[in-house]
Every structure is written in structure tokens, then in C-alpha cells.
Amino acid sequence: MTNHWRDIKNADVILINGANPAEAHPVGFQWFVKAKLDPTKGPGAGGGAKMIHADPRFTRTSAVSDMYLRIRTGTDVAYFGGLINYVLQNNLFHDEYVRNYTNASFIVKDGFSFTDGLFSGYNKNTRSYDTSTWAYENTTPPAQTGGQIEGPATTSSGFARRDMTLQDPRSVFQLLKKHYSRYTPEVVSSITGIPVDQFNAVAKIVGEMGKPDKVMTIVYAVGLTHHTTGGQLIRSGAVLQLLLGNVGRPGGGMNAERGHANIQGNTDHAISWENLPGYLRIPAPGQKNLDDYVKQSAAVKSDPNSWNFFGTNYRNFMVSLLKAWYGSAATKDNEYAFHFVPKPATNSSWMSIYDQALKGKMEGVMLSGMTATSIGPDSNQVMQALANLKWLVVMDPLPTTSSEFWKAPGTDPAKVNTEVFMLPTTHWIEKDGSFTNSGRWAQWKDQVIPPEGESRDDQWVLADIFDRVKTLYKQQSGKFIDPITAMTLDYKDPKKPTLEEIAKEVNGKDLSTGKQMTSFANLKADGTTTSGDWIYVGSVTDDANNMKRRNGVQDPAKNDPTGMGFYPTWAWSWPANRRVLYNRASADLKGQPWDPKRPGIVWNGSAWTGDVPDYPATMNPNDPASWNPFIMNGEGVGRLFSTSMNDGPIPEHYEPIEAPIPNPLHPNQSEDPVAFLYDQAAGRPNRFGKVDQFPYVATSYRLTEHEHYVTQHVPLLVGLQPQAFVEVPQELADKKGIKNGDRVRVSSARGKLEVAALVTKRLGGLKLAGSDQPVYHIGIPIHWGFVGISAERNPDLSKNWLANALTPFVGDANARTPEFKAFLVNIEKIS
Amino acid sequence: MAFQERPMGFFTDTSICIGCKACEVACKEWNQLQGDPPKFTADSYDNTGQLDAQNWRHVQFIEQVPDNNGVIFQPTPIAGGQAWLMMSDVCKHCKNASCMEVCPTGALMRTEFDTVYLQKDVCNGCRDCISACPYGVIGFNEQEGVAQKCTLCYDRLQGGMQPACAKACPTESIKFGYIDDLHKVADDRLANLQTQGYAKAQLYGRDDKVYGGLNAFFLLMDKPEVYKLPNAANATLPTRNNLPGYVGGVATAVVGLIAGLLAFRNGRMSENKTNNTSAQ
Numbered sequence: 098m099t100n101h102w103r104d105i106k107n108a109d110v111i112l113i114n115g116a117n118p119a120e121a122h123p124v125g126f127q128w129f130v131k132a133k134l135d136p137t138k139g140p141g142a143g144g145g146a147k148m149i150h151a152d153p154r155f156t157r158t159s160a161v162s163d164m165y166l167r168i169r170t171g172t173d174v175a176y177f178g179g180l181i182n183y184v185l186q187n188n189l190f191h192d193e194y195v196r197n198y199t200n201a202s203f204i205v206k207d208g209f210s211f212t213d214g215l216f217s218g219y220n221k222n223t224r225s226y227d228t229s230t231w232a233y234e235n236t237t238p239p240a241q242t243g244g245q246i247e248g249p250a251t252t253s254s255g256f257a258r259r260d261m262t263l264q265d266p267r268s269v270f271q272l273l274k275k276h277y278s279r280y281t282p283e284v285v286s287s288i289t290g291i292p293v294d295q296f297n298a299v300a301k302i303v304g305e306m307g308k309p310d311k312v313m314t315i316v317y318a319v320g321l322t323h324h325t326t327g328g329q330l331i332r333s334g335a336v337l338q339l340l341l342g343n344v345g346r347p348g349g350g351m352n353a354e355r356g357h358a359n360i361q362g363n364t365d366h367a368i369s370w371e372n373l374p375g376y377l378r379i380p381a382p383g384q385k386n387l388d389d390y391v392k393q394s395a396a397v398k399s400d401p402n403s404w405n406f407f408g409t410n411y412r413n414f415m416v417s418l419l420k421a422w423y424g425s426a427a428t429k430d431n432e433y434a435f436h437f438v439p440k441p442a443t444n445s446s447w448m449s450i451y452d453q454a455l456k457g458k459m460e461g462v463m464l465s466g467m468t469a470t471s472i473g474p475d476s477n478q479v480m481q482a483l484a485n486l487k488w489l490v491v492m493d494p495l496p497t498t499s500s501e502f503w504k505a506p507g508t509d510p511a512k513v514n515t516e517v518f519m520l521p522t523t524h525w526i527e528k529d530g531s532f533t534n535s536g537r538w539a540q541w542k543d544q545v546i547p548p549e550g551e552s553r554d555d556q557w558v559l560a561d562i563f564d565r566v567k568t569l570y571k572q573q574s575g576k577f578i579d580p581i582t583a584m585t586l587d588y589k590d591p592k593k594p595t596l597e598e599i600a601k602e603v604n605g606k607d608l609s610t611g612k613q614m615t616s617f618a619n620l621k622a623d624g625t626t627t628s629g630d631w632i633y634v635g636s637v638t639d640d641a642n643n644m645k646r647r648n649g650v651q652d653p654a655k656n657d658p659t660g661m662g663f664y665p666t667w668a669w670s671w672p673a674n675r676r677v678l679y680n681r682a683s684a685d686l687k688g689q690p691w692d693p694k695r696p697g698i699v700w701n702g703s704a705w706t707g708d709v710p711d712y713p714a715t716m717n718p719n720d721p722a723s724w725n726p727f728i729m730n731g732e733g734v735g736r737l738f739s740t741s742m743n744d745g746p747i748p749e750h751y752e753p754i755e756a757p758i759p760n761p762l763h764p765n766q767s768e769d770p771v772a773f774l775y776d777q778a779a780g781r782p783n784r785f786g787k788v789d790q791f792p793y794v795a796t797s798y799r800l801t802e803h804e805h806y807v808t809q810h811v812p813l814l815v816g817l818q819p820q821a822f823v824e825v826p827q828e829l830a831d832k833k834g835i836k837n838g839d840r841v842r843v844s845s846a847r848g849k850l851e852v853a854a855l856v857t858k859r860l861g862g863l864k865l866a867g868s869d870q871p872v873y874h875i876g877i878p879i880h881w882g883f884v885g886i887s888a889e890r891n892p893d894l895s896k897n898w899l900a901n902a903l904t905p906f907v908g909d910a911n912a913r914t915p916e917f918k919a920f921l922v923n924i925e926k927i928s
Numbered sequence: 081m082a083f084q085e086r087p088m089g090f091f092t093d094t095s096i097c098i099g100c101k102a103c104e105v106a107c108k109e110w111n112q113l114q115g116d117p118p119k120f121t122a123d124s125y126d127n128t129g130q131l132d133a134q135n136w137r138h139v140q141f142i143e144q145v146p147d148n149n150g151v152i153f154q155p156t157p158i159a160g161g162q163a164w165l166m167m168s169d170v171c172k173h174c175k176n177a178s179c180m181e182v183c184p185t186g187a188l189m190r191t192e193f194d195t196v197y198l199q200k201d202v203c204n205g206c207r208d209c210i211s212a213c214p215y216g217v218i219g220f221n222e223q224e225g226v227a228q229k230c231t232l233c234y235d236r237l238q239g240g241m242q243p244a245c246a247k248a249c250p251t252e253s254i255k256f257g258y259i260d261d262l263h264k265v266a267d268d269r270l271a272n273l274q275t276q277g278y279a280k281a282q283l284y285g286r287d288d289k290v291y292g293g294l295n296a297f298f299l300l301m302d303k304p305e306v307y308k309l310p311n312a313a314n315a316t317l318p319t320r321n322n323l324p325g326y327v328g329g330v331a332t333a334v335v336g337l338i339a340g341l342l343a344f345r346n347g348r349m350s351e352n353k354t355n356n357t358s359a360q
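Residue numbers (our numbering), protein chains in the order written: chain A, 98 to 928; chain B, 81 to 360.
Read the hints as simulated data drawn from the structure, not as lab findings.
Honestly, I wouldn't trust all of these hints.
[Claimed, not checked] Here are the simulated distance ranges between beta carbons:
1) A/Lys849 to B/Asp260: 50 to 60 Å
2) A/Asp529 to B/Gln114: 25 to 35 Å
3) B/Lys303 to A/Lys849: 40 to 50 Å
4) A/Phe518 to B/Lys303: 35 to 45 Å
Fair warning: this is a prediction, and the values are worked out from it, not measured in the lab.
Cβ atoms here follow ideal geometry from the backbone N, Cα and C, with glycine treated the same way.
Same shape as in the complex, but just chain A (with noise of 0.2 Å):
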């Protein structure tokens, strides 16, 4: 989130695409209805936000929302695409923000073109763009750089042009404007099931939000990421609200509501395979040293008065990261240890892992907190994929579809090679620890109960583990030893650390003074601090873990003095314990806040005060040399273009690689050109369905009566949702014959379902372009598989309860996330 839970209650709008917080995040939705409760108080205050929620699917968050859109699945870059047209049309866009607070005003170089469904610089045999032709346009490099802090010195080839009239064809807005005018309603209609009225509905409300004293909040989820456009899916939505200057104010924002209690953590520290620690990229081929590394990572300062804060302290951030890791082997004349860290030739996502061990270039996976079998996509195929392995060590408190799958229904175990360890670890509420919320803030928590049996943290067991392997390397040498005899383990029991420990080591110390780190300001590039990952510098200092803060609700008059609700002394927020994003974008040129009664911070003629702001503490905005609001890119502003997507500067509207339609815009580009076909890539055959065939819309997801699948071990969550079903329309089940409660099969491509029908006018048919017939979906929950109570209750009826037998192995451009939320099935009732 750029926001923060809370902060919901300030929106005036609450725009949810892709997303069903009401289900999934039935805590956070407080906020959802302290915002709309009672109108008389007015917005900010807990009254008469509008709740506009689109999804395939009448949910529990339809259920008590304003409106509800009926939308297909994996659409809504046009659905945002037609109302970032309706505000660029009729003037409605937030003037002074989006000239001076995004790139609107930046030209882009001349050849840039969009045709067809493709942007410049495709290249079909490598399926992806060479970017160079999205570029800015740059003036003549400047003498001197602009600003009154100095960082050091940021190459820079030149200064984009702007111009600030908005009027050149080739500025950002203009381009966008262009782009966009293709998204009228009608077409939007076509594309996304929505009618015309309704969407013009929308559009009017949405199209007040550029007002300054007008806030709105987007909150989304997995069901805009996990398509083949997921990263554009999630832009186009962050277009829009840059466009009606809603990012970086309370109550606004482009908010991802995270799936599990500590995802935001792992993304922090890294579980995504692009990234190290804090988002720094990681090293490629090629990259010798880290003068190659910062220079091909770092953003570079496009614009006099960028700050670049990220780009001009990169260097500081790894070299720090590489002393946390390898402590004294880490040396000036090592180049800080950099050529210890992998530079991976081809990309580590998620599906590589399975498409690397189908290949039979994988010897052994480790699992820790989640089970692939059950995850997929294409569940079959993964089993396959752990059926080829050597060994898979599954580390779990409780039994999984992955530590069970080689006596899944069907498979003979004697024909499994595969020799698995299970290795039974604590459960979160067995341990102490941090989760970092979907809001960025890191709460620590203690331990609830003793851990059972021999069961032991998953730390304890990866660092035996490596202990293990660090001997043997001893022991017996081998190619490349260094990195691994290098690795600091710098705690009381290097067998055993202690989550505190680690957090103390995230957190990073001054080297010379061996006092913790306060500030990632002070991180420097000589070897002195260490860190183990630059965002969570703060979170513990010599005084406190201030994780542990708890200064709420029990008195807010003292822990929340801005009354917008940051709650500054509660818990501890990445960065710096901000509570909203970008927030030198809350307040004018001036710095005075857009709306005064919901203030994010505000100059008061000294400093900025409020909530932690995102600039300089002490930097007058009346200066003309002071940084442009963004301090974290090269721009020193909001992107409405951007050349950092793989599949194009503009968000556009692809189908998925399963689709019902051929797209409206452009028919003979109809998927994303850069989506990652796995299994083309890999030399086997592409396993996708055709319409004719398949002729239903499928989107899988969650329900709140259960957590993904460690739930089914849970007795009074069983009870609540005890056998899997899917969600059939009651228009399609009359005319299939099918009744509610019937056993249906759900068939792909990949694989089949079968499984009861729960039949609903909560689902039901979108006309579309080029169909005469009404196009339906069906709604696939995902909490089912071959083990757990239900499994063990019903052996018969759960052969096939695995939801991701279906989903096809496909991921998207940018991220390579799987397309869960979008392929084609057909169904029939079992007789």
C-alpha cells in the first residue's frame, strides 16, 4: 500500500478492482465501513464515502458496497483506461499536480509509436521490446545540478525536455490522450461487460476526484496481479489516480492488499526473485564490479530538480547490504565481496522453479510455508516437476498437498523417485517475530504457545542446515567455497538465531561506533555501516525494537496528534516510519495541503510537519532550486509513462491467453505480446485452451472461512466451508441442467475439477464484443486438495479438489506471475 489500512476511512471514494476485502481482508474492511457509515460526519471524519467495487463476482464486498459493477475477469486496464479518457476529455484531471507533480509535461523522443496493439521496438522472434524508443527527449547536459542538499554526483546524459504547457504532441500527456481517446465507453462496455450507463455512472463520480479537496482511494489485490497484464493492470490504475492527484495524500493512493499476514515482509526481504533486499535489482551477467552494477540498476536523474534519492544512495544500500553479509571478507578492495552475489543468467520466478526441475535441471527444491502442489499453476504439471526431483525437503507444521504428493489420487508412489523429507517447523503463533501489514508496518508479536513436539523454527533449521553445508565445504573444499565460509552468522548461537537478532541484523549497525543505524540516510558506501535491508533501517535502534510500539486507541489525543490517523508511535512503518507514500505530494507547490482538513504534511514557513515526510525535513518548497515531490526516481514525478514496464510506457488492454473474444482494440494482437509462455519457451507444447472448447470464463480465489490450505486442518474452519464447490450462474446451470448442489466436472486444458455446484444469480452473463451469445463465468475457489479433514472425511468425492489443476502455465510480462484469475474451462454436470 501506498496508504495504509487505516487511512481508508479519509477516502471519499473507495474504488475496489481485483479485490474482495470484505472476504480476504475482513479486518482491514473496518475501515472500508467506518468510511461510508455515517454521512452527516463527512469524509475524513468516518462519513459518506462511495464504495464502487467491480468484479466478475457478487461478493460479500459487492454485498455492502454503493454500486456494483459486473466486470470480466482481467479487463479492467480498460475499465481504468475509459475512465482516465472520460477525465482527460472533459478536463478533469487535478491541473497544477499533474503539470508539476507527474511526467505529464515530459517529450518523448520522436519515433514512439503505438500501432496495432504494439508499441515501438518489438521484436517478435525474442517476444519483447528494445525500450530505447520510449525514451525522453533530452536537452544538452547542464553544468550544475539543481537543489539545495547535495548526494554525490548522478551521471546523466542530459535533462528530459518539458514542456509545461501540455500542448507538444509528444509530451506524456498528450500521448496519453491519445492513447486513450480509443477507450469510449461503448468500447469499454465491449471489452468489460460493463453497460454504458453504469460505467458513465461510475465515470461521474470518479470524474470528481480531481478536485484538490477530493480524495480517492484504489485498493486492489491479486485480482489485478495475477494476469499475464498484471504490472499494467496495477498502472492503470495509478495513472488514473496521478491524474486526479490522489497519490501521496490521506485517503488516496494506489493500495495492494497483501494475501498472507507477512507477504509484504517477504517482498521486503526478497522472496521475489528480481529483487535483493529493499528493492535494490539484482546483479546481472556481465556486471564486474559495482561501478557496472549501480550503473545499470540505479535510476538516473532526468530532471534538474530530482532528488533521486534512490538512484544517488544505491551504492550506499548494497555496499551496506554486502557487509551485513559478509562482514570483514567484505573489503574495499573486494569490491565489498560483490562478486560472492549470483548474477543470474535467466530469470528464478516462481514457475521456473517446476519448469527448470521438468527439464530435469533441478536436483532438490526446499518448501517453506507453502505448498507448491496446491499454488501451481497447473498442479499436474507440478507434480510431475516434484516427481522429477532427486530429493524435496518439506518444512511445515502440519501435513501438505506438496510433502503428500506422491500418494496423491492417482499416482502410484512406486513409481515416485523422489525421496521427501518432511521436517516439521513451528507454526507462527509457536514463535516471536515481525509481519509487515499490507501498510508497510512491521508489528512485532510474541509467542502464543510452546512449539510441539520436535518441531523447531524454520531459521533454526535452515541455519543447521547451512552449518552443515558450510562444514562439509570445509571439509572437502570444492569450486567457489568463498561465499559460503564467508557468510556472517554473528549470532549467540549460529544454530539457533533469534528472530530478534535477526532483526537487529536488518536493521544494521554503524560499524565504527557499533551502535545501530537510525537512519538509511547515514548508510554509506565506504564500508563502515552495514544493512540488511536499507528500508528497515529505524526498526531497531539501540533504544528500542520499536516494532513493539503499542501507543493506539487508548488514547488518541496523545498517540495520534495529526488526528489523520498515523498513529506515529504504534508498531513501526517502512520508510522511516511514514505513514503515507510520496506525502510531499499531499501539499501544493506552496506546501499547503490540497484539501486542509485532511493534511498529509504541510510547511509551516521552518519545517514540514504532520506525518514523516517523504523530503527533506527542513527544504523550503518556495525555493526554486528545492527537489521535485518524488524523490525516490529519476523524474522527481509521478510516471504516467513509464520506461521501466516490459510491455509497453502506456497500459493497454490485452485479453488473456485464454479469452473468450478476440480483443476489440486489436484483433490480431490480442494477448500480451511479452507475457511469458513457459512451456514454448521451455520446448514443450503451449497447453492452452480455445473457446470452442472451453467456451466459460474461469477465475479462481479465496473465501474468508479459510487461509489458502493450512486451514484444512482447522476443525471449526472446516465445519464453516467443509467440501469444495464452484460458483456456477443460475442463467448458464438452467440451461446445462445443472442444480444447486449438483456434482459438476470443470475442465481445461490442464486439468479437471469435479466438484459440487453452488448455483447463484450472484453470477451471471456480459455481453460482449464480437459474442452474440452472453459470456459467463464461473467462480473457482481454491482451498480444496487431497489432504486435510475435508479430503480425509469425503476420500471419494476429493479426488479432484486441486483448483490450480486448471490454471494454465503462463506468467505475466513484467513480474511472470502465474494467470490465476483468468482462463477457459468448460463444465458438466456428473451423472
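Chain A is fixed; fit chain B onto it per the hints.
Frame of chain A, contents of chain B only:
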């Protein structure tokens, strides 16, 4: 902090219920209820089924998504709160409680908080209360041979803690407090919803029209019947409503008496016959 000895209860505001069932689970955890054996019912998202001995909170799911007059291409934007109703049902802790009227042992008692509490050690398992409850709240615990229902967490209340369900409710749909305070909250909320155009929104059990008023009362988004609740016309105590029953009972008794006498006479006659036979 201890609670005062004043009427306390629940105000359940169904307009902000999101059907998460946290109340059901928190209730079972605190009161150590196992729940009924899992059963998939295909009744929307409700697999609990009813209030009974094992379920003291039960979230109803009532789907009434409009048909769009058969126009399948035109889903209507549905104003919140009326297309898919969710309501966390519970023992109403009636001011005039049918269960207390019929309980022969005094197991059902009124507490210092004006709630209705079933003392298991006094219950003789006659099940009269189960038949009498107009809301189908009470169930029978076969293992222990006693009736069971919501205690309004009497044990927690005595310790100054709010009931488990209210504590767990994320949206504050279930509110717990002193009844007169809750009445005011409910009146404000109703006025607020009516201003927003929710014409069907109404309070249930706020006034004395059903069973003298309910200590667990509700804000409903549709008529009580939609939630399977008796409306004011039907909500009357068995004792008051029983004149026809008494008349019928007396008539039956008279018929029975006559029939009995006839049977007795016949019996005696046949007895005599038998005796006569045996004597022969």
C-alpha cells in the same frame, strides 16, 4: 472493570455484516462447542444451518439478487445491503421469554444483566424450552442430556468482558452494551440509513412489540419474515396465545375421558369375560 447490574445485550446491525462468521468461531472457541459434523448444504455460504446446541451464533445468507426482469445482459447496479443479506443470528434474550414461561425446573433464569441464562445443572432435559422458543434458538446436548443455548457469555460478563462474538466482529456489526445505550445507537443508525434511501431498513426487537422487546435486537435491511423472524403480529407468547389451545385441549380431554371410560368399560367387560373364561 465490572459491569453495572443493568440490562445488557446485543445490537446486531446487519447493514454492515460481511458474513465472515468470526462470531460463530469465537463463540465456539470461548464456549468450547465442537460444532455439528461438517456438512455442505449448498445454501449460499451457510453451512452451519441453524442455531442449536452447538451453534449459538449463526450467520444467515439470504440471496435476493434481482432477476433483471429476464434481461440477462443488464445486471443492475445494486445499492448496498439488500441483494445479499447477511445476518448474525443469536438468542434474543427476550424480555418476555417463552423458554422461561415453560421451563418446569427453573433452569432458565434471568440474570442481573436481564439476560436469559440456562443453568445446565438445574435442567432436567425435558426439552419444553426447545419447543417453546419461537426463534428455534435452543438445542439439545445429547451427551450431557441438557438443553443448550447462548449464555450471552455470562461468564465473561461477570468478569467485565464483552461477549466473544462482539469482541471478534471486525466491522462492529455486533455491538454489545447497556440496552438503553444501544437503543440510541440503533435509532441514530436507522435514521442515517433512512436518509440514505434505504426504505426497508428497520429495527427488530427495539420496541416491545415482539416478546416485550429483545435484549438482542437487530437492524434489518428487509422485512423480518425474510430473515425467518416472526413479525410483530405473530410474535406472541405461548401462554397468551393459547386460548384456542386450551379449548382444544379441554375438548380433547373430554373426548379422551369418554373414550377412556368406554375403553375402561370395554376392558372391564373383556376382563370379566377373561375372568369368566379362566374361571371356567
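Which hint numbers does the structure go against, in order from smallest to largest?
-> Violated hint: only 4; rest satisfied.
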